[in-house]
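**Student:** Respectively, the protein sequence lines represent chains A and B. In terms of the numbering used here, the first sequence is residues 17 to 435. In terms of the numbering used here, the second sequence is residues 6 to 319.
Just to be clear, a hint being listed does not mean it is correct.
Cβ-to-Cβ under 10 Å is the rule here; a few derived chain A residues that face chain B [unchecked claim]:
hint	residue
1	Thr-204
2	Ser-205
3	Gly-206
4	Arg-212
5	Ala-213
6	Ile-214
7	Ala-216
8	Ser-218
9	Asp-282
10	Tyr-283
11	Ser-285
12	Glu-324
13	Phe-330
14	Glu-331
15	Gln-332
Dumping the calculated BS3-like pairs for lysine-lysine here, alpha-carbon to alpha-carbon at most 30 Å [claimed, not checked]:
hint	chain 1	residue 1	chain 2	residue 2
16	B	Lys-124	B	Lys-23
17	A	Lys-409	A	Lys-199
18	A	Lys-207	B	Lys-217
19	B	Lys-23	A	Lys-207
20	A	Lys-290	A	Lys-409
21	B	Lys-124	A	Lys-403
22	B	Lys-253	B	Lys-154
23	B	Lys-44	B	Lys-23
24	A	Lys-290	A	Lys-207
25	B	Lys-71	B	Lys-23
26	A	Lys-407	A	Lys-290
27	A	Lys-326	A	Lys-403
28	A	Lys-326	B	Lys-124
29	B	Lys-258	B	Lys-183
30	A	Lys-371	A	Lys-431
31	A	Lys-326	A	Lys-290
32	A	Lys-431	A	Lys-409
33	A	Lys-290	A	Lys-371
34	B	Lys-124	A	Lys-409
35	B	Lys-124	A	Lys-407
36	A	Lys-207	B	Lys-124
37	B	Lys-44	B	Lys-124
38	A	Lys-258	A	Lys-371
39	A	Lys-207	B	Lys-183
40	B	Lys-124	A	Lys-290
Hints were generated in silico from the structure; no laboratory data involved. Nothing here was measured: the structure is a model prediction, and the numbers come from that model. We treat Cβ as the ideally placed atom computed from N, Cα and C, and that holds for glycine.
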Amino acid sequence: MTSLRITNVHLIDPELQTIQLGSLTIIDGRIAADDLSAPTLDGRGKYLAPGIVDIGVKVCEPGERHKESFRSAGLAAAAGGVTTMVTRPDTDPVIDSPETLEFATRRAQAACAVHTYQMAALTKGRLGREMTEIGFMQDAGAVAFTDCDSVVSDTKVLSRALTYAQQLGALVIGHPQDPGLSKGAAATSGKFASLRAIPAASPMAERLGLERDLALVEMTGAKYHADQISTALALPALERAKQQGLDVTAGVSIHHLTLNEFDVADYRSFFKVKPPLRSEEDRLAMVAALAAGILDIISSMHTPQDEESKRLPFEQAASGAVALETLLPAALRLYHADQLSLPQLFRAMSLNPAKLLGLPGGSLAQGAPADLILFDPDTPFVLDRFKLHSKSKNTPFDGQRMQGQVLATFVHGQKVYQR
Amino acid sequence: MQLQHLLGIEPLQPQQIKEILDLADQYADRNRTSSRNSKVLAGCTQINMFFENSTRTQASFEIAGKRLGADVMNIAMQASSIKKGETLVDTALTLNAMHPDLLVVRHPHSGAVDLLAQKVNCAVLNAGDGRHEHPTQALLDALTIRRSKGRLHRLNIAICGDIAHSRVARSNLILLGKMENRIRLVGPATLMPAGINEFGAEVFHDMEEGLKDVDVVMMLRLQRERMDGGFIPSEREYYHRYGLNAAKLSNAKPDAIVMHPGPMNRGVEIDGDIADDLSRSVIQEQVEMGVAVRMAAMDILMRNRRQNLEEAQR
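Starting from the given sequences, assemble the full structure and let the hints guide the process.
**Tutor:** Given below as structure tokens:
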């Protein structure tokens with residue numbers, strides 16, 4: 017029996033939405049009743065929270081291991097306080113069969129100290145034509161089904177896939193963008209994109225995509241999560257669907273919560289993400305929607321890209337940013353700006369994603385797995401991208417002042433990272 | 006602030022624009038005499054890198070460089086290393102290692118010339134990047150206007166046609182705005198960029214109304230090669246509504262001048278008779294001013310570069 021008692025810490029409880037100075041005892045990898053006989057670790061007044069459950073991490077295995085492997089992603093996750101990575105199937109080849117799923121699961125288990133769960137593709141090759149073996153892959157451990165940023169444009173195909181997923185109780189994750197309107201876009205249409213002459217799409221593309229998906233969810237009764245909502249235009253549809261009682265949740269990426277389109281400045285391709293960065297009004301609307309519970313989940317949308325794929329003219333440069341290690345300090349910007357409380361942040365980063373996928377974790381309750389982070393929300397630092405654990409260094413926060421550092425990360429009671 | 010590169014009109018101050026135009030004015034006059042060649046850029050190596058086809062602009066830059074005594078080299082980028090998979094930045098680094106003094110770059114993607122300028126230590130002159138900017142075109146248009154109108158402020162100027170896909174329109178809009186002119190944008194709504202109402206220009210979808218009492222009519226080429234399809238119903242409908250002919254031009258001031266950056270699609274955006282009417286059209290003069298403006302820009306960039314190098318040696 018191994019045990020540990022972490023004392024003198026502020027406990028952030030996302031279920032009770034409280035912060036309390038106290039202690040927490042871990043016995044055999046689980047949170048247990050307070051046990052004064054356990055060896056202690058003095059938390060020195062810092063903060064202890066359930067580890068982050070990050071939905072939508074891209075690990076470039078199989079296919080592009082030079083960008084990110086399970087090993088490097090696992091190290092980055094531990095250093096960033098992410099105790100559970102839920103990985104994307106948009107690899108090469110696509111994870112769209114029990115065999116590729118089994119490969120990724122095996123690699124993850126061998127190389128990662130943090131928990132990993134796999135998502136699988138909804139359609140074969142993410143091509144939007146035929147559904148994958150959802151049942152087999154669910155049995156093999158896939159926690160959700162998604163074609164990632166490749167939108168299933170054929171509504172018949174999507175409606176059948178949703179129907180099939182519904183009878184299995186499988187979660188489908190959509191990327192709400194109208195494929196026609198958003199085709200070729202690298203920015204949000206408006207004055208900035210027009211001045212820089214970057215091909216752009218109207219934010220209406222997101223609302224169109226979401227409205228369509230929600231209509232099909234209403235038709236099929238499927239369990240649906242929108243991977244990223246980024247525009248104020250899309251929020252009323254989401255709110256309506258929730259009021260209607262549809263089994264719908266929505267996420268937002270950390271970049272859409274903390275950056276806006278002007279950050280692209282003179283064509284800085286590290287700020288090219290998908291969907292593109294939005295206006296400041298949209299960013300503030302996302303923060304408010306998160307506080308109001310209209311948006312449920314914050315994700316890193318960790319997307320490693322090597323220098324070669326970013327060092328290109330903006331239009332041609334690859335989309336995406338690494339974010340496993342910057343997720344927490346970036347999210348803490350919202351805390352320091354008095355826009356979201358720490359319990360609200362951890363509800364969106366830990367509790368809600370765990371609940372959505374039916375995973376243990378995200379909780380400080382007795383019996384919950386001891387997946388925990390000890391952190392100091394105030395430590396200031398300047399981010400140096402070359403110090404990230406990810407193989408790829410494409411972060412938009414390079415050189416920026418940030419606040420908040422992970423001091424230690426525990427997975428099942430084991431310390432997997434210490435600063 | 007000293008100019009190291011000429012990447013666009015946006016970063017220029019009105020005073021810098023005026024300096025370039027004043028010098029170009031002198032070159033324009035001298036270009037009409039037999040003593041038009043000089044040795045101002047003697048010993049300078051100028052490389053023209055055109056990633057997009059161009060005959061007139063490339064010829065203009067080549068003549069400008071040669072008149073000033075530079076060693077000019079043209080590389081047709083489409084036929085070379087990019088075909089072999091080399092990235093823009095690697096190409097730039099390769100050429101940079103040969104120590105040129107000036108790179109003149111045209112590229113089909115917005116922002117590509119900015120990116121290139123960050124990676125080299127010679128002067129970079131943007132000869133057109135995607136839909137973004139084409140600074141020497143805006144400068145030559147400004148010089149043409151100033152020479153025929155006697156001033157470059159408080160004029161009513163209509164820019165007509167495919168605004169959305171045009172770097173010429175964007176650079177002109179910025180330059181003429183900086184010099185305090187009233188600008189009208191005329192064209193179908195599908196060819197207007199998003200957020201156009203925030204640019205400080207008036208937008209007209211009716212050409213006759215848009216041309217009312219203007220001093221300058223700037224036509225744009227209908228960029229057919231840029232079209233994804235479906236921006237306008239047909240060429241003939243476009244010509245009917247937005248092609249410049251005598252009837253539409255009669256709405257402008259009687260002494261209004263007609264401009265076009267070329268190459269023209271006669272019978273699509275402009276009537277051949279108007280284009281050839283030397284009492285109205287300054288299209289040939291624009292080409293002439295192009296050489297003068299490019300000479301002036303290169304002269305200034307090279308002067309600044311020499312100064313910087315000398316300061317660095319000291």
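**Student:** Each of the hints needs a verdict: does it hold here or not?
**Tutor:** The hints, checked one at a time:
no., hint, in the structure
1, Thr-204, "holds (9 Å)"
2, Ser-205, "holds (4 Å)"
3, Gly-206, "holds (4 Å)"
4, Arg-212, "holds (6 Å)"
5, Ala-213, "holds (4 Å)"
6, Ile-214, "holds (6 Å)"
7, Ala-216, "holds (6 Å)"
8, Ser-218, "holds (7 Å)"
9, Asp-282, "holds (6 Å)"
10, Tyr-283, "holds (3 Å)"
11, Ser-285, "holds (8 Å)"
12, Glu-324, "holds (7 Å)"
13, Phe-330, "holds (5 Å)"
14, Glu-331, "holds (5 Å)"
15, Gln-332, "holds (6 Å)"
16, B:Lys-124 - B:Lys-23, "holds (29 Å)"
17, A:Lys-409 - A:Lys-199, "holds (27 Å)"
18, A:Lys-207 - B:Lys-217, "holds (27 Å)"
19, B:Lys-23 - A:Lys-207, "holds (27 Å)"
20, A:Lys-290 - A:Lys-409, "holds (17 Å)"
21, B:Lys-124 - A:Lys-403, "holds (23 Å)"
22, B:Lys-253 - B:Lys-154, "holds (21 Å)"
23, B:Lys-44 - B:Lys-23, "holds (24 Å)"
24, A:Lys-290 - A:Lys-207, "holds (19 Å)"
25, B:Lys-71 - B:Lys-23, "holds (24 Å)"
26, A:Lys-407 - A:Lys-290, "holds (20 Å)"
27, A:Lys-326 - A:Lys-403, "holds (19 Å)"
28, A:Lys-326 - B:Lys-124, "holds (14 Å)"
29, B:Lys-258 - B:Lys-183, "holds (23 Å)"
30, A:Lys-371 - A:Lys-431, "holds (24 Å)"
31, A:Lys-326 - A:Lys-290, "holds (14 Å)"
32, A:Lys-431 - A:Lys-409, "holds (25 Å)"
33, A:Lys-290 - A:Lys-371, "holds (26 Å)"
34, B:Lys-124 - A:Lys-409, "holds (19 Å)"
35, B:Lys-124 - A:Lys-407, "holds (23 Å)"
36, A:Lys-207 - B:Lys-124, "holds (28 Å)"
37, B:Lys-44 - B:Lys-124, "holds (29 Å)"
38, A:Lys-258 - A:Lys-371, "holds (16 Å)"
39, A:Lys-207 - B:Lys-183, "holds (17 Å)"
40, B:Lys-124 - A:Lys-290, "holds (26 Å)"
Hint violations for this structure: none, all hints satisfied.
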